[in-house]
Structures are given as structure tokens and as C-alpha cells.
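> Chain residues, written in single-letter form:
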Amino acid sequence: MIEPTWRLPPIPVLLVGIVLIACAETGGGAMAQFKLELARWARGTMLARPEVHGLVGVRDVDEQILDEALVKLDGGLRLFHLHAEGMGTIIIVTTMVATSLVVRSTLRRTIVALITVGGAVYPLGYLLWSAVIPYRGIAGGKQLAEWLVWIPFGSAAIIAMWLLAGSIAWQWLDRRSAR
Amino acid sequence: MTPPNRGRRLAPGGRRTIMTALLLTSIVITPAFGHHVGSYVPRDNEISANFKQIKFSLQAEKFDVARRLFEEGALRRELQKQAATLPPGLESSIRGALASHDTNTAEAGLMVFFAALVRGLALETDRQLADASVPAAARVAGGGKMLEAIWRYYNLVDFAVSQRDPRAAAAVRLAFDEAEGYVKAPTPAPEHMRPPIVTIARVLAGVIEASSPSARRNS
Chain A
28 MIEPTWRLPP
38 IPVLLVGIVL
48 IACAETGGGA
58 MAQFKLELAR
68 WARGTMLARP
78 EVHGLVGVRD
88 VDEQILDEAL
98 VKLDGGLRLF
108 HLHAEGMGTI
118 IIVTTMVATS
128 LVVRSTLRRT
138 IVALITVGGA
148 VYPLGYLLWS
158 AVIPYRGIAG
168 GKQLAEWLVW
178 IPFGSAAIIA
188 MWLLAGSIAW
198 QWLDRRSAR
Chain B
2 MTPPNRGRRL
12 APGGRRTIMT
22 ALLLTSIVIT
32 PAFGHHVGSY
42 VPRDNEISAN
52 FKQIKFSLQA
62 EKFDVARRLF
72 EEGALRRELQ
82 KQAATLPPGL
92 ESSIRGALAS
102 HDTNTAEAGL
112 MVFFAALVRG
122 LALETDRQLA
132 DASVPAAARV
142 AGGGKMLEAI
152 WRYYNLVDFA
162 VSQRDPRAAA
172 AVRLAFDEAE
182 GYVKAPTPAP
192 EHMRPPIVTI
202 ARVLAGVIEA
212 SSPSARRNS
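Taken in sequence, the protein lines are chains A and B.
All residue numbers for the first sequence refer to the numbering used here, where the first residue is 28 and numbers rise by one.
All residue numbers for the second sequence refer to the numbering used here, where the first residue is 2 and numbers rise by one.
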């Protein structure tokens, strides 16, 4: 039977959501505060690895390559800020929905675990991507972030959302047919 | 007779369920393979930005503004830096044209400057493509980046070149397309990229020669 009131998800799950939002805010502030230092560090690191970035020693070419990498690095930090804020909120809201509405305890625990882990780790992929761009290039860094973070944890979050949607729809249809 | 024990096997219905679950899971997680990573639009460098400012001022017949942008801008600084590789008298020709409100000559001078920049890049690309100490794939990748820079500069003056020498403009565009095709080829072949690059340098050398201040004075 569906409970008539909202129920809180486990406290550690709420804490994960809140900490993620706190990290997003800190990341956003730090990104603006240390923009120049970050750009200097990234530029120096990239110039020390010309082969990785395909630098050819011609200013007209290399400046564009470095500029693109710096734009992507900055973009990765911005996307971390946005995704961490969003996923923190999503973790809190959807785990509350799952805790309140999903009747089967195993399914409920699975959904809550998948949303929490998937949602919390997915945004960190953008931080990882930004951090490795100076060392591995844009494409190399993206590949690393994809296989280590985005694909496994993004999949976990997506599966959890569909399980939640499916289980709510199932329970609703079940109740209608029981009437 | 008892059938031989083949171990536990799933009923056809169970197998169907597992297959359906796997199919649904794969459909559901497919979006996880796409991520927001932003897009990058190449920005003007200070030379191309300064060129556009001067060009737009000329088109608006704001000659004083154009002259100031030329005198104080990055384009003139680069022109002075590259003076040894440029036709003699190019800077004074552009300055004189701006002072006498001669849009056509000023545009021709700017076109010669960018054609010379592109020619220099094409020659450097050819030199790097010929460097056998670098792996072929890296040479082609580097050549691709050089081509992007070549196009960024050439694109600024393509119209001006087309107006003065349509055959040269067509030859440069065709050579560029051919070279770009080798960048995208599955097997890296830097030696195939070199002829169209050399063509770009040769054709633009002709454009520079024909449009340089000394050639215009003699015509």
C-alpha cells in the first residue's frame, strides 16, 4: 500500500545530496577565484607536452589548440558545477519519491543506492576530465572520464530512474485493476 | 526412460524475460554514452580581429578610424615583424591608401599581407610533412592543424583574391580541399599531402607578386 505522506530517505543519502551541492557551490566559487592560476598551470602543463596536444611550433596553430583546450577545461569545471548542483537536488528528490512510493524493499533499496551512487559520482567525471586535459588532451581526457565515470555511473542513474518510473507506474496500474 | 541430466535450464519464457530485460537495459543506458562536453568555436586572434575592424571601417568609409586601427593594431605590428618576407613598401602602401581614402589599394595591401602569411604557413606545413623523423600519423595530424590555420587566414581574403584573380582563388580552394581529404584518409600519407600544400604556396606567391605595390606601380 502506498503511504499517504512523504517519507525521508536514509540520512546518509541526504548527506550525499547536500555534500554534492556544497561541492558544486565551492567548485563554482573556486573556478572564478582561481581562473587565472588554473589557466596558467594548464597552459604550462600543455606546453611541456607538445606531442600530446599536437602542438606544431607555429604560433598561429598552437594558440588555437591551447585556446580550445583551455575553453574545454573551463567548460568541464562549469559542467561539474551545474551537474553537481542538479544531481544533488535529484538525489534528494528522487530518493524521497522512492522511499515514499516503492513498496518492495529490495527494489526500493536498489533504486536508492543506484540513484545515490550514480548521481553523486557522475558529476565528478567533469572534474576528472578538466584535470586530465592538460596531461592527456581533450579527446584522451574525455575517453578516460567516459569509461571510468560517465558511462558506469551515468548508466546507474538512468537505470535507477527508469526502475523508479516503472515501479510507480506498475503500482498505480495494480491499484487501479484491484478496484 | 529418464532424459539425461543437462543441468538447470531456463524455460523459454524465462529466457525471453532475460533477453527483454537485457534489451531494455541496453536501450535505457544508451544515453549514458553521450555527455555534455560543450562546443568550441575558434576565436579570432588579435591579427584577424584587427583586420576585420579595419575592413569594416573601410566598408563604412570611416577612413580615420581605419587608419587609427591600422596604426595602433596587431596587424601592423605583425606586418613589421614579417617585413623581411613581405613585398617592399607594403606597409607604406597601405598607410598611403588609408590616408588618401583609396579603399581598393588598402584592401589589396591587406590581401597581400594575409596571402603572405598563408604562403608562409603552407611552406612551414610542407617542411613539417617532409620531416621523416616524425611518425606519418603525427605529421598528417599536425598538417591538419596547419591547414585549419591556413584556412582561417585565407578565408579572410578569399573574396579579395577572387575579385582580382579568380583562377588563383579557385586553385587555392581546390588544393585546400585535396589536402584536407588526405587528413581524413584512413591511412596517413604525408607525402600525398605535400603537392596541394606546395600548390597553395606557389599560387599565393603569384598573387603576392601580381598585387604587390611595386607590381601595381609598374602596371
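Think of the hints as simulated: they come from the structure by calculation, not from any bench.
Errors might be hidden in some of the hints.
Claimed, not checked - Computed beta-carbon distance windows for the label pairs:
1) A/L74 - B/L23: 33 to 39 Å
2) A/E52 - B/T86: 51 to 57 Å
3) B/H37 - A/A196: 26 to 32 Å
Said to hold, decoys possible - On the chain A side, residues computed to face chain B include the following (Cβ under 8 Å):
4) T32
5) M58
6) Q60
7) K62
8) E64
9) I92
10) D94
11) L106
12) G167
13) L175
14) I178
Claimed, not checked - So these bits of chain B aren't anywhere near chain A, every CB distance computed over 12 Å:
15) S40
16) F64
17) E125
18) E149
Don't be surprised by glycine CBs; every beta carbon is placed ideally from N, CA and C.
> Does each hint fit the structure? Answer for all of them.
Hint-by-hint comparison with the structure:
no., hint, verdict
1, A/L74 - B/L23: 33 to 39 Å, "violated, 48 Å"
2, A/E52 - B/T86: 51 to 57 Å, "holds, 53 Å"
3, B/H37 - A/A196: 26 to 32 Å, "holds, 28 Å"
4, T32, "violated, 30 Å"
5, M58, "violated, 14 Å"
6, Q60, "violated, 21 Å"
7, K62, "violated, 16 Å"
8, E64, "violated, 21 Å"
9, I92, "holds, 6 Å"
10, D94, "holds, 6 Å"
11, L106, "holds, 6 Å"
12, G167, "violated, 13 Å"
13, L175, "violated, 13 Å"
14, I178, "holds, 5 Å"
15, S40, "violated, 9 Å"
16, F64, "holds, 29 Å"
17, E125, "violated, 6 Å"
18, E149, "violated, 7 Å"
The structure shown violates the earlier hints numbered 1, 4, 5, 6, 7, 8, 12, 13, 15, 17, 18.
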